[in-house]
Structures are given as C-alpha cells and as structure tokens.
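A.B. asks: These are the residues of each chain, in order.
Number of protein chains: 2
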Amino acid sequence: MIYKLWYWPSVQGRGEFIRLAMEAGDIAYRDCARDRGQDALLERMSRIYSRQPFAPPFLELDGFAIAQVANILMYLGERHDLAPAPMADRLWLNQLQLTVADMVAEVHNVHHPVAAGAYYHEQKDEAARTAKQFREQRMPTFLRHFEAATTATDGAWVIDDRWTYIDTSLFQLIEGLRYMFPKRMATLEPDLPGLVRIHDQVAELPRIKAYLASDRRIAFNQDGLFRHYPELDAA
Amino acid sequence: MIYKLWYWPSVQGRGEFIRLAMEAGDIAYRDCARDRGQDALLERMSRIYSRQPFAPPFLELDGFAIAQVANILMYLGERHDLAPAPMADRLWLNQLQLTVADMVAEVHNVHHPVAAGAYYHEQKDEAARTAKQFREQRMPTFLRHFEAATTATDGAWVIDDRWTYIDTSLFQLIEGLRYMFPKRMATLEPDLPGLVRIHDQVAELPRIKAYLASDRRIAFNQDGLFRHYPELDAA
Chain A
622 MIYKLWYWPS VQGRGEFIRL AMEAGDIAYR DCARDRGQDA LLERMSRIYS RQPFAPPFLE
682 LDGFAIAQVA NILMYLGERH DLAPAPMADR LWLNQLQLTV ADMVAEVHNV HHPVAAGAYY
742 HEQKDEAART AKQFREQRMP TFLRHFEAAT TATDGAWVID DRWTYIDTSL FQLIEGLRYM
802 FPKRMATLEP DLPGLVRIHD QVAELPRIKA YLASDRRIAF NQDGLFRHYP ELDAA
Chain B
622 MIYKLWYWPS VQGRGEFIRL AMEAGDIAYR DCARDRGQDA LLERMSRIYS RQPFAPPFLE
682 LDGFAIAQVA NILMYLGERH DLAPAPMADR LWLNQLQLTV ADMVAEVHNV HHPVAAGAYY
742 HEQKDEAART AKQFREQRMP TFLRHFEAAT TATDGAWVID DRWTYIDTSL FQLIEGLRYM
802 FPKRMATLEP DLPGLVRIHD QVAELPRIKA YLASDRRIAF NQDGLFRHYP ELDAA
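Residue numbers (the working numbering), protein chains in the order written: chain A, 622 to 856; chain B, 622 to 856.
It should be emphasised that the hints constitute simulated quantities derived from the structure, not laboratory data.
Heads up, some of the hints might be wrong.
Only pairs whose alpha carbons sit at most 27 angstroms apart, straight line, appear in this in silico BS3-like list of lysine-lysine [to be verified]:
id, chain 1, residue 1, chain 2, residue 2
1, B, Lys753, A, Lys753
2, B, Lys804, B, Lys830
3, B, Lys753, B, Lys804
4, A, Lys804, A, Lys745
5, A, Lys804, A, Lys830
6, A, Lys753, B, Lys745
7, B, Lys745, A, Lys745
8, A, Lys745, B, Lys830
9, B, Lys745, B, Lys830
10, A, Lys830, A, Lys753
11, A, Lys625, A, Lys753
12, B, Lys830, B, Lys625
Chain A with its partners taken away, still in its complex shape:
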C-alpha cells in the first residue's frame, strides 16, 4: 500500500514532520497535493469519510483518514516499527512529540499573535512583542527540556540505540529555528550539544540525506511555519 499524504503543497509546515519520518523509514507515500494542487486538498478534506480532519496534514489509508501530526506519527511508529515497543517508551515518545507540537504552535504564534486569519504585516507590532518573549523565555525553556531528553538515555538516539520519529522531529525543529532565528540560535546552541548531535545524526541518515537533496524537500519560505523576519530575531 502507498499512503496518501495530504498537506499544503508549497510549505514544509507541520507536514514536514510526517514527510521526514516516512522518508527516513522508507515508507512509500504520495504527497498528493504537490501533484494535484491546493484545491484538491481542500476538496478531499471536506469530503473524506465521516470522521473528518480538522486541518492538514492527514494521511489517507484504506477506508479512513488519520489527522494530527502526533497521531499520524504514533500510527506510523507502531505500524512500521519506527517506535519502541515498551509502553513507558511509547508514552515518553508521544509526550516529547506533543511538546514539539506545543512549541511549533508558539512558533506560529510569534508571527501571527492576534489573528491567524490575517497577514503578518497587519500584526507586526504585536509580533515584535511576542517574538521578544519567545526568544528570551520560551525558546530556552523548550530547548533545555529537549536537551535534557537527549541526555536521559545512554544510547546514541533520544530513545536508546536507534532513531525514532522524535529524532527526525527534533532535527526539523532545529532546522526551522535556525532559519527563523539565526542570531538567537547561535547564542543558544553552545548549551545544546545533545540536540545539535541528534540534528547532525539525522542529517547523516542516508535516506534523509537523499531527501534533503531532492526536490521533494520544499525550501523554507515566508508562507510557512518557520519564517525569517529579521526584525523578529536578536541574539
């Protein structure tokens, strides 16, 4: 079976967490809206089965759809052996992924603090204030939490000795934050050696290396989740 992945076709966004896990895990998928366009995505989302996604990304299987990034990753992890078997490890993995999701929501809130449905330039003043507290308080708090997670194991990866989807997710988080806040990340990274190590190990996985070099990897841009507005960055 080839999975049908549906996500906005011109951005990495939340869909990228799914793409990376599927690429690293050699799971066959079609990135449907990249072939068929955004209208096809909206059409599919509104008509799919009786249990509808609230928003992309969603994964279409035989007879149903799964939405919510952490939910999709949990499914793929169990189905395709990208997750550990012991219950305590699975809960820890899901817990970390949900904390990644929380940070990602706050990242989006930096450039859209008061109106998700309006443009950045309509809320620039509010965004400047949001960015300041995100850079100074939230970024170090979240990143130190993930750093501690990388040292909670003796293995080479976040959970023991093989990569799971939390490693690919932390890779993407670091990638996105470096794009969005290059100055701030340069200041913070010396205190995050575990996270940087995980990032680099993921980048060296042969399938991820091939993916990043392919045209399947969409470049960061100013329509996505991680956006580089220089006025929102500072050391």
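Please arrange chain B on chain A, whose structure you already have, making use of the hints.
C.D. replies: Below, chain B alone, put in the same frame as chain A:
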C-alpha cells in the same frame, strides 16, 4: 494503586480534563498539589526521574511519570477501559482530543496573546483583537468540527454506545466556553445540538454529578485557562 496526579492546585486548567476522566471512570487518584501546595508540585516536577514533564499536569506511576493531557488520557483509556479497542477508533479518539488541546491553546492565547509570562492587564489591547477573531472565526470553526464528530456515529456518545474521555473533554470545553464567552455561546449553541447533548449526558453521569457537587471541583476563576473578562465577549 492510587495514581498521583500533579497539577496547579487552584485552577481547573488543563488538569481538569484528567480529573474528569478519572472521576467518571472511578479511577483512584490523589490530587497531590491540592494537599501539599504549589511548591511541592514544582519541587516534584524538577526532581522526578530522568524523563521529566515539560509542564503540569503529570501523572505519577510506579517508576515513571506521564505528561501531556492527550498522552495521559490515552494511557488511562487503554489501561482502564475508557477507550474503544479498534485501532481506527483509538486514533479517532486521540485525534479529537488533540484538536481539543489545540482549541484550548487558542483559548489561553485569547487572554495572553503576546506574553504568556505577563499579566492580562499588560496585554489588554492585543487581547481584545485576539478575542474578536477567536469569537468570530475560530470558535465556530472548532465547534462545528466537534459538532460533526457527534453526528459521525449512530451511538449515544461520540464513539458508539458508551462514554469515553472525549465526551468528558467536550463537556469541559463547553463548560469553559460558557463561562468565558456567555454571550457568544448563547448565539452559537442553537447550531450545536449534538455537542449540547453530549455535555448534558456527561453532566448526568452519576460520578460526574457527584464530582461537580464536591469540593474536589474547583470553581472557574480568573487565574485559570477559561477566564471571564466581559470586555472580551460579544454575541
């Protein structure tokens, strides 16, 4: 075993989703910080095992802790038979709970749009703008999604013929929104008959009825997630 639940002792907040499921499911727990205070909570969180919670609520078990509301509920659901067995149903349940979590994060953002670490009165102007778009766009979008979920089954509850934790979570969402936005909810509720029915059915569960009448149920207040600032409400 009696679970140890740790959450801020003076608010319903995110912890209430856990409390309601445990109360309805007759699962024995101690609400530790209500006995021992907030300092004990912070102390416990920073010292607990090597796999630490990012934030309360967390549930302490034999030898480890589980954090993140949806993660805790998934564990309790599987362990205590508060969730369906088929995989597609479990994924749907988790997906809905994660969408509740997304809405709850946006609810918090209404009164703290630009600085989670500062007071409401320091961001009142931004909050007014955030509230307007939340009331007009996000509330109907989220609530119609949950309404559709209540009609995606033939059973009396969101998933088939018995309550699961998504029913108690939707109850709490309606309770909170009625407290925070009484005027707006009065306008929206006539189009949400399924959600109101689920809310009322949960309120009539004998164990929930007893809980709501007990002093274990903390009253809504202006320190919690759902806050009633009259200036942020409108029909």
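A.B. asks: Does each hint fit the structure? Answer for all of them.
C.D. replies: Consistency of the hints with the structure:
Of the pairs offered as hints, the one joining B/Lys753 and A/Lys753 holds, with about 24 angstroms between alpha carbons and a cut-off of 27 angstroms not exceeded. Between B/Lys804 and B/Lys830 the alpha-carbon distance is near 25 angstroms, which keeps this suggested pair within the 27 angstroms criterion. A threshold of 27 angstroms between alpha carbons decides the hint, and for B/Lys753 with B/Lys804 the separation of about 13 angstroms falls inside it, so the pair holds. Of the supplied pair hints, the one linking A/Lys804 and A/Lys745 holds, its CA atoms being roughly 19 angstroms apart against a limit of 27 angstroms.
Between A/Lys804 and A/Lys830 the CA atoms are separated by roughly 25 angstroms; this keeps the pair inside 27 angstroms, and the hint holds. A threshold of 27 angstroms between alpha carbons decides the hint, and for A/Lys753 with B/Lys745 the separation of about 18 angstroms falls inside it, so the pair holds. Between B/Lys745 and A/Lys745 the CA atoms are separated by roughly 17 angstroms; this keeps the pair inside 27 angstroms, and the hint holds. For a cut-off of 27 angstroms, the pair hint linking A/Lys745 to B/Lys830 is broken: about 47 angstroms separates their Cα positions.
At roughly 36 angstroms between alpha-carbon atoms, B/Lys745 and B/Lys830 are farther apart than 27 angstroms, so this suggested pair is violated. This hinted pair does not check out: A/Lys830 and A/Lys753 have alpha carbons roughly 34 angstroms apart, beyond 27 angstroms. The suggested pairing of A/Lys625 with A/Lys753 is violated, with an alpha-carbon distance near 39 angstroms, which exceeds 27 angstroms. Taken as a hint, the B/Lys830 and B/Lys625 pair is honoured in the structure, with Cα atoms around 23 angstroms apart against an allowance of 27 angstroms.
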